[in-house]
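Student: Could you build all of it, start to finish, from the sequences and the hints given here?
2 protein chains.
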Amino acid sequence: MNHSTPIQVLDAYKNAVYDADADAFLRLYDPAARVFDTWGVWSYEGVAARRQAIEGWLSSLGDERVVVSFDDVMVIVDLELAVLTATGRYAAVSTSGVELRSMQNRFTWALKRKGDGEGWLIVHEHTSAPIGFGDLKGILQRDGA
Amino acid sequence: MNHSTPIQVLDAYKNAVYDADADAFLRLYDPAARVFDTWGVWSYEGVAARRQAIEGWLSSLGDERVVVSFDDVMVIVDLELAVLTATGRYAAVSTSGVELRSMQNRFTWALKRKGDGEGWLIVHEHTSAPIGFGDLKGILQRDGA
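Sequences listed follow chains A and B, in order. Converting from the first sequence to my numbering requires adding 99 to each position, the first position being numbered 1. Converting from the second sequence to my numbering requires adding 99 to each position, the first position being numbered 1.
Treat the hints with care, since some could be wrong.
What the hints assert, rightly or not - Cross-link-like lysine-lysine pairs, in silico, DSS-like; alpha carbons within 25 Å at most:
1. A:Lys213 to B:Lys211
2. B:Lys211 to B:Lys113
3. A:Lys211 to B:Lys213
4. A:Lys211 to B:Lys211
5. B:Lys213 to A:Lys236
6. B:Lys113 to B:Lys213
7. A:Lys113 to A:Lys211
8. A:Lys213 to A:Lys113
Read the hints as simulated data drawn from the structure, not as lab findings.
Tutor: Listed below in structure tokens is the structure:
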């Protein structure tokens with residue numbers, strides 16, 4: 100697929116999560132991508148290190164769907180490098196369309212233009228929640244920060 | 100000061116923190132920089148929004164010094180945009196040189212080349228700790244993740 104803008108990569112990310120399609124998801128990343136994820140692991144160095152986590156997440160959803168949306172998206176595009184920042188929202192939705200729960204994170208991508216005219220690949224992802232000063236817990240809703 | 104590479108901005112960041120110099124620190128940032136910080140606040144939109152937090156942090160240190168160091172630094176430089184990722188370590192050191200405590204974070208910068216040949220400014224910063232699956236607490240040491 101041709102993702103000729105970083106926003107199109109964002110759309111492909113939403114679709115891959117909604118479809119629980121780990122292969123489509125991981126194809127958005129450069130094989131050497133460094134990922135600082137919100138949950139549990141300091142750093143994934145390369146897609147191979149991350150495959151098991153993504154497959155585990157998406158296969159754990161069962162009949163639920165995860166609807167991802169983005170707010171306050173900012174994009175900076177240079178010649179062969181782009182940066183995208185946003186607030187992400189991940190909502191679990193039942194088969195009957197009821198939203199069961201949701202969380203938000205801060206979302207940063209660095210993307211590199213592919214040489215073959217095929218658009219952009221994610222070379223770095225950093226997602227997180229801020230940590231509360233008092234209880235040291237992650238703040239998983241923007242309004243809670 | 101002329102920071103002709105992103106690594107020189109990293110050195111200037113270390114020096115500004117060690118000197119507890121809020122002005123030198125904030126001068127490293129574009130006035131409109133979006134900062135997703137490790138602690139307590141979802142997003143700082145612009146340097147003005149962040150000044151109070153930085154001044155508060157640096158003035159709270161008293162006689163202690165904070166020694167910042169970076170591991171696993173990766174830099175991608177394009178024409179007018181650069182991305183830097185690393186693990187940061189912040190160590191509080193007493194006047195007699197004893198390390199009192201430390202924490203680590205995941206560290207991402209996007210930098211823009213200034214038009215006047217004066218080097219690079221930070222346009223986006225994202226620092227964080229991953230959140231533990233069980234207790235939802237921030238993991239503030241890489242070895243703890």
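Student: Give a verdict on every hint.
Tutor: Verification of the supplied hints:
no.: 1; hint: A:Lys213 to B:Lys211; result: holds (21 Å)
no.: 2; hint: B:Lys211 to B:Lys113; result: holds (19 Å)
no.: 3; hint: A:Lys211 to B:Lys213; result: holds (21 Å)
no.: 4; hint: A:Lys211 to B:Lys211; result: holds (16 Å)
no.: 5; hint: B:Lys213 to A:Lys236; result: violated (38 Å)
no.: 6; hint: B:Lys113 to B:Lys213; result: holds (21 Å)
no.: 7; hint: A:Lys113 to A:Lys211; result: holds (19 Å)
no.: 8; hint: A:Lys213 to A:Lys113; result: holds (21 Å)
Checked against the numbered hints above, the structure violates only hint 5.
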